[in-house]
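Throw the hints in and build the complete structure from the sequences for me.
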Amino acid sequence: MRFDFSDKVLTVFLSGEIDHHNAGNIRQRTDSEIIKCSPTLLVLDFTDVTFMDSSGVGLVIGRYKLAKEIGCNTAVTGVSARDKKILMMSGLQNKIEFR
Amino acid sequence: MKAKLNDFKINIMARSVNEGFLRTVVAAFSALADPTIEEINDIKTAVSEAVTNSIVHGYREKQGRIYIDAVLFSDNTVKIKIRDKGCGIEDVKKAMEPLYTTAGDERSGLGFSVMESFTDKLSVRSTPGKGTVVTLTKKITGKCE
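Protein chains in written order, with the numbering used here: chain A, 1 to 99; chain B, 1 to 145.
Some hints could be false.
[Said to hold, decoys possible] A short, non-exhaustive set of chain B residues, derived as facing chain A with CB atoms under 10 Å: (1) D42; (2) V56; (3) L99; (4) S108.
[Stated by the list, open to error] With a straight-line cut-off of 20 Å between C-alpha atoms, the simulated SDA-like cross-links for lysine to any residue are: (5) A:K65 x B:L99; (6) A:K84 x A:V43; (7) A:K84 x B:E106; (8) A:K85 x B:K85; (9) A:K85 x B:D120; (10) A:K65 x A:F13; (11) A:K85 x B:I40; (12) A:K85 x A:D45; (13) B:K121 x A:M89; (14) A:K84 x A:D4; (15) A:K84 x B:G109; (16) B:K81 x B:N11; (17) B:K94 x A:M89; (18) A:K85 x B:N41; (19) B:K79 x B:T141; (20) A:K84 x B:L99; (21) A:K85 x B:L99; (22) A:K84 x B:P98; (23) A:K85 x B:S117; (24) A:K65 x B:G104; (25) B:K93 x B:E116; (26) A:K85 x B:E106; (27) B:K81 x B:N6; (28) A:K85 x B:I37; (29) A:K84 x B:S117; (30) A:K85 x B:E38; (31) B:K93 x A:M89; (32) A:K85 x B:E97; (33) B:K93 x B:R65; (34) B:K85 x B:Q63; (35) A:K95 x B:G109; (36) A:K84 x B:E116; (37) B:K139 x A:K95; (38) A:K65 x B:E116.
Since the hints were made in silico from the structure, they are not lab data. Everything numeric in this text was worked out from a predicted model, so none of it was measured. Backbone N, C-alpha and C define an ideal beta-carbon position, used for all residues, glycine too.
Listed below in structure tokens is the structure:
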């Protein structure tokens, strides 16, 4: 995974498999980047994600909550149809933008 | 009557590092029935949810093993049993409600909903203090939609 921060937008390029085992590391790295950059928009880019289970939902919800605390909106992009189906089961589409 | 064509059993330490291995090995077994990529991914996702439940919930207070028993039948259905000897679930009906979780903010409470959504049949048997058996059944059509 890698990060890009420009014009107050923090983009997190997620990659590989997002499961319970990997989510902890992604969470920690993303959270410290959010705190360091203090963005106004957080974009989670799923383009290079090869597998995701419901751990991905917890990951997105957790980052959405942290971002909200600092007045930052959250969006997701590059989500496959399958991963979108899982993310939408939680009603996330009412809280964050799907691009 | 449907006949058993193939089966495999595996048991492994209930460690989160094994989540990827287990979903991949069950997917590889299911691949013998010539599924679509979509069907393989459905199986991977459902197995990942069940295995994660065992690790996060079943074995939250002790170490243990996960037992998987998969069977492929002549009608091209795959039946996958994922069993643990963990703490069990007090109220299975409640646990299966979407968004219900006892594991805190980072868990979505969607595990059983995802299993239901990506398989044809889900059954959960649990005895508090003894463990949980999740059975996933999926018909492999091999046809692209």
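Given pair status - M89 (chain A), K121 (chain B), alpha carbons within 20 Å
Answer holds: K121 (chain B) to M89 (chain A) is near 18 Å, not above 20 Å.
20 Å limit on alpha-carbon distance, applied to hinted pair K93 (chain B) and E116 (chain B):
holds (13 Å)
Given hint N11 (chain B) paired with K81 (chain B) - CA-CA distance at most 20 Å:
holds (11 Å)
Starting from K85 (chain A), check that the Cα of I37 (chain B) is at most 20 Å away, please.
holds (16 Å)
Please verify whether K85 (chain A) and E106 (chain B) have alpha carbons no more than 20 Å apart.
holds (19 Å)
For the pair supplied as a hint, K94 (chain B) and M89 (chain A), is the alpha-carbon distance within the 20 Å limit?
holds (17 Å)
Would you mind confirming whether the straight-line C-alpha gap from K85 (chain A) to L99 (chain B) stays at or under 20 Å?
Measuring from Cα to Cα gives roughly 15 Å; hence the hint holds.
Please work out if K84 (chain A) and P98 (chain B) have their alpha carbons no farther apart than 20 Å.
holds (16 Å)
Cut-off 10 Å, beta-carbon criterion: hint that V56 (chain B) touches chain A
The hint holds - V56 (chain B) has a Cβ within 10 Å of chain A, the shortest such distance being about 6 Å.
Would you check the hint for K84 (chain A) and V43 (chain A), treating anything up to 20 Å between C-alpha atoms as holding?
holds (15 Å)
Measure nothing beyond the straight line between the CA atoms of K65 (chain A) and G104 (chain B); if it is 20 Å or shorter, mark the hint as holding.
holds (13 Å)
Hinted pair, alpha-carbon criterion (20 Å max): K85 (chain A), K85 (chain B). Please report holds or violated.
violated (31 Å)
Hint compliance for this structure: hints 8, 14, 33, 37, 38 are broken, all remaining hints hold.
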